[in-house]
Amino acid sequence: MGQLTTRERELAAAILVALAVVGIAMAAAGRADPLGVHGAIVLLYSMVLLFLIMSTSFGPAPDPSRVSRYYDDPIKVGVAFTLFWAIFGMFFGVWAAAQLAWPSLNFDTAWASFGRIRPAHTTGVIFGFGGNALISTSFHVVQRTSRARLPDQLSPWFVLFGYNLFCILAVTGYFIGVTQSKEYAEAEWYADLWLVIVWVTYFVLYIRTLARRREPHIYVANWYYMAFILVVAILHIINNLTIPVSLGHAKSYTIWAGVQDSMVQWWYGHNAVAFFLTAGFLAMLYYYLPKRAERPIFSYRLSILSFWGITFFYMWAGSHHLHYTALPHWVQNLGMTFSVMLLVPSWASAGNALLTLNGAWHKVRDDATLRFIMMAAFFYGLSTFEGSFLAVRPVNSLSHYTDWTVGHVHAGALGWVALITYGSLYTLVPAIWKRERMYSAALVEVHFWLAFAGTVIYVFAMWNSGIIQGLMWRTYTEEGTLSYSFVDSLLAMYPYYIARAFGGLLFLIGAVVATYNIWMTVRGVPVAGGERHDDIPLAGPLPEGAATRPAE
Amino acid sequence: MDLTHETLVEAAKTWGLFYLIGFSLCVLVYTFWPANRERFDRAKRNILDEDDQPWT
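Sequence order for the protein chains is A and B. Just so you know, our numbering puts 527 at position 527 of the first sequence, and the rest follows in order with no gaps. Just so you know, our numbering puts 39 at position 39 of the second sequence, and the rest follows in order with no gaps.
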């Protein structure tokens, strides 16, 4: 934050004081309600940030030459948040998985019951880990591809810290029983309102950076990031239209009724997968893959076609989550058809990525970072194929409500989202901290194999258990009664649940290794001027470290 | 006008489908428009440029 000007500091302090007042008001209005607890958290969070701003206020004025460099400080903090949430979210994932095998692991407490730690896991990995990775990489990519610095120094911090406040409110809420009971939209109305403010700021910041661009063409990665930001805003607002019980109450009720609520929820839920977990990560793929492989993307035209294909088709696919429900049949058909059509743009992107590497397979063999990206593209192709397949109604009659769905989600979340994120981080971290390379290439290699083995074990365990579950639930005796009780199917799951928890554990260990490696890279010595030629400003070398470090 | 369920279903089932096809055709034309070839080629090569500083 050392590069903030006095005016930006004043503005930041004003925002934080206002936020602290909101916290006090929430605490006062909420009292014993969970809203009161969240008021205290908001107050504490804003006071800590206010202290940080104040305590660094009396240093020397920021270096005026900073405007001729990219603004990377928020990205560095964003990377730290990403790594923290990865470990937090994956730890809760392993714990939740272990509870399914050994239920007593909830220790008879309310806060650690499966129903509460499971959303802590999903929010931790999707919004905490994924969201922070998206925000950090988007700030990096938009500046580089636009050849322009972020327009101001305050709004990136507002977006980053504001977004993490949302994540904290969401996760702490689950432990004390606050939830809207909507998949991926569990956070209650006040956290949702806060996210709207943060997200609109993010959108405006992104547009302003693009408006300042020196490169006339907007690179395709930015289109994906824009789609991600814009569509998530729309989805979030519409699915979270609720009326709180009172302003002093955490609980709210949705304005949507009955099957409309289900449809809105799964329109949201599936597009959260599409635009949060796919579009933004495809942006990473289209930037970090060519960068790392040092080869241009195989076909730029194909990337444009897949972009528009994804934006057109995904919007309609949500209803495939509601096959065989009260939802009108034609709406189910619509979702099913578009889900199958989605295979075209999805495989176009996956194929485009793999064809980019064609002719550079020796790099994939030698460079574990590039292998992360390659394997991510492979899993992207795999899980989008599986997704289209599962959306077909008769297939869904076997797979729905079983672990197959869970396996599918994790083929996407571990194999695609997490692998592309780590591939991008291993490319991003040396670049913004001006290091020659990662601290240890061997640890990247170790992480790759832990992550890959973990994903494969996880996905195979869930494929097995899911299909067995589905078959056991639909097997009839000659008399026409069900052959197996639910408990029978549960007992059959036991070995697979242990395998799944083990796969997840491997993935978690990989995340810890990555965090250590990145920490050691950051602690290492920056390269002396001249060695990393892409980091040298055009107008002659700067003093060592000046290109990254704020002028304290 | 009365906005009923039937009206919406009617709209979704008729032009609701065709405007997407229309969009797709526009995208196809844009992607393969010969004059855009040079711009796209430049875009895919430019990100590999090793200069890490904003342009002024």
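Because the hints were derived from the structure by calculation, they are not lab data. Some clues are possibly wrong.
One side of the interface only, derived from the structure: several residues of chain B facing chain A at Cβ under 10 Å [stated by the list, open to error]:
{"no.": "1", "residue": "2"}
{"no.": "2", "residue": "3"}
{"no.": "3", "residue": "4"}
{"no.": "4", "residue": "13"}
{"no.": "5", "residue": "23"}
{"no.": "6", "residue": "43"}
{"no.": "7", "residue": "44"}
{"no.": "8", "residue": "47"}
{"no.": "9", "residue": "53"}
{"no.": "10", "residue": "55"}
In this text, a Cβ means the ideal position worked out from N, Cα and C, and glycines have one as well.
Taking the numbered hints from earlier one at a time, note which ones the structure violates and give those numbers from smallest to largest.
The structure conflicts with hints 1, 2 and 3, although it agrees with all the remaining ones.
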